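**Q** Note that the protein sequences, when read in sequence, are chains A and B.
Start counting the first sequence at 4; every next residue gets the next number (my numbering).
Start counting the second sequence at 4; every next residue gets the next number (my numbering).
Be aware that a few hints might be false.
Given that identical chains are not distinguished, each listed pair holds provided it fits within a single copy or across any two copies.
What the hints assert, rightly or not - In silico lysine-lysine, DSSO-like type, Cα no more than 30 Å apart, as pairs:
{"hint": "1", "residue 1": "K168", "residue 2": "K5"}
{"hint": "2", "residue 1": "K48", "residue 2": "K5"}
{"hint": "3", "residue 1": "K5", "residue 2": "K78"}
{"hint": "4", "residue 1": "K78", "residue 2": "K48"}
These aren't lab readings, by the way, just hints derived from the structure by calculation.
From a predicted model like this one, the values you see are computed outputs, not experimental measurements.
Protein chains: 2
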Amino acid sequence: MKHWSNITLPIPKWLNTWSAGIPQTFPEMNQRMFLVIDLARLSIKNGGGPFGAAVFNQCTGELIAPGVNWVVPGKSSLLHAEVMALALAEQTLGSFELASHGLFELVTSVEPCCQCLGVLMWVGVASVVCGACSEDAQAIGFNEGPRSLYWEQELRQRGISVTRKVMRLQAVEVLQSYTGEIYNSQLQASIQPR
Amino acid sequence: MKHWSNITLPIPKWLNTWSAGIPQTFPEMNQRMFLVIDLARLSIKNGGGPFGAAVFNQCTGELIAPGVNWVVPGKSSLLHAEVMALALAEQTLGSFELASHGLFELVTSVEPCCQCLGVLMWVGVASVVCGACSEDAQAIGFNEGPRSLYWEQELRQRGISVTRKVMRLQAVEVLQSYTGEIYNSQLQASIQPR
Numbered sequence: 004m005k006h007w008s009n010i011t012l013p014i015p016k017w018l019n020t021w022s023a024g025i026p027q028t029f030p031e032m033n034q035r036m037f038l039v040i041d042l043a044r045l046s047i048k049n050g051g052g053p054f055g056a057a058v059f060n061q062c063t064g065e066l067i068a069p070g071v072n073w074v075v076p077g078k079s080s081l082l083h084a085e086v087m088a089l090a091l092a093e094q095t096l097g098s099f100e101l102a103s104h105g106l107f108e109l110v111t112s113v114e115p116c117c118q119c120l121g122v123l124m125w126v127g128v129a130s131v132v133c134g135a136c137s138e139d140a141q142a143i144g145f146n147e148g149p150r151s152l153y154w155e156q157e158l159r160q161r162g163i164s165v166t167r168k169v170m171r172l173q174a175v176e177v178l179q180s181y182t183g184e185i186y187n188s189q190l191q192a193s194i195q196p197r
Numbered sequence: 004m005k006h007w008s009n010i011t012l013p014i015p016k017w018l019n020t021w022s023a024g025i026p027q028t029f030p031e032m033n034q035r036m037f038l039v040i041d042l043a044r045l046s047i048k049n050g051g052g053p054f055g056a057a058v059f060n061q062c063t064g065e066l067i068a069p070g071v072n073w074v075v076p077g078k079s080s081l082l083h084a085e086v087m088a089l090a091l092a093e094q095t096l097g098s099f100e101l102a103s104h105g106l107f108e109l110v111t112s113v114e115p116c117c118q119c120l121g122v123l124m125w126v127g128v129a130s131v132v133c134g135a136c137s138e139d140a141q142a143i144g145f146n147e148g149p150r151s152l153y154w155e156q157e158l159r160q161r162g163i164s165v166t167r168k169v170m171r172l173q174a175v176e177v178l179q180s181y182t183g184e185i186y187n188s189q190l191q192a193s194i195q196p197r
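Bound conformation, chain A alone (with noise of 0.2 Å):
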């Protein structure tokens, strides 16, 4: 007889230290890109992929919650900077809407991939900021899948603003210093032109 454990998804321990050591607060739109870029570089350096995510309070600049991608470490597909940092934040919330809490942004080094941008759909945020495109990941191994070319409209459509290539000069630094596992490698094999 088969048996079930709730999901468990890991994150880093060395999250909790690090935040020991960040501000309270990121009023500025390119204070949250930092950190989120930071994010990445520390994913990197403890084994993770060179991606960073955050989700602020719009308004406050408060850290809600932090991702980095933890898919090889972690053992989850789900593991994505911008699933952490949201399914985090429903978490630190407890909801399963942040949109009834209030207005949160999310912050990404990358701009999302199918699986991020179907994520946040549901998880109800105000804004999406991203550094680095997703050319910048395609350069080094990585993609987006199966997306919409019109994922920005979509978004807006639905009252989420996008904002693009934030930093992305240093966004595209910190992919480029990733020389980890791309995982995933024969389901990006046969991405064919949508």
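The hints should help you fit chain B onto chain A, whose structure is shown.
**A** Chain B alone, transformed into the frame defined by chain A:
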């Protein structure tokens, strides 16, 4: 100072008592679909959403992991039936890519939404089997979000087979029996034609 714990996505406690009364294997497609439609029915009865899903070993028919829509009781928008089944399958196998462990099939009582499609792209299943159609879910107030019109082709291009409308009438019957919460209604209200 902030402190975050591992992300916990709760599964219903009754899943483990339910599993005591089911067969060991499900060789036929209709048996697998019957099981996930039954999961959808049980989910409604226990306060969840009207959706069921499961991951099977495609060849042996062994049930690897079940899933139900547990968004409201589990306080997480990630907890769609497909995501629960896929994440639980990865946890059961201890792997971020099912494809490296054999051929696995996702069977779902209703066609996947944008989130579930995005998630399943990276899990590495070999096939997807669906019962009710998206329009059946829309008819009771749920919808699929900004999903590509070409989602079937996009899956097939990645080597994932898709079978639709398996026991559709029975799956629709369960959808229509649902009188619970239609969550994310404000996000769904702004859906535009694509």
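**Q** At most 30 Å between CA atoms: does that hold for K168 and K5 within a copy, between copies, both, or neither?
**A** between (47 Å within a copy, 28 Å between copies)
**Q** With 30 Å as the alpha-carbon cut-off, assign the pair K48 and K5 to within, between, both or neither.
**A** between (38 Å within a copy, 22 Å between copies)
**Q** Is it within a copy, between copies, both, or neither that the alpha carbon of K78 lies no farther than 30 Å from that of K48?
**A** This pair counts as within: shortest intra-copy Cα distance 18 Å, inter-copy 33 Å.
**Q** Which holds for K5 with K78 at a C-alpha limit of 30 Å: within a copy, between copies, both or neither?
**A** Both ways: K5 and K78 sit 21 Å apart in one copy and 25 Å across, limit 30 Å.
No hint from the list above goes unmet by this structure.
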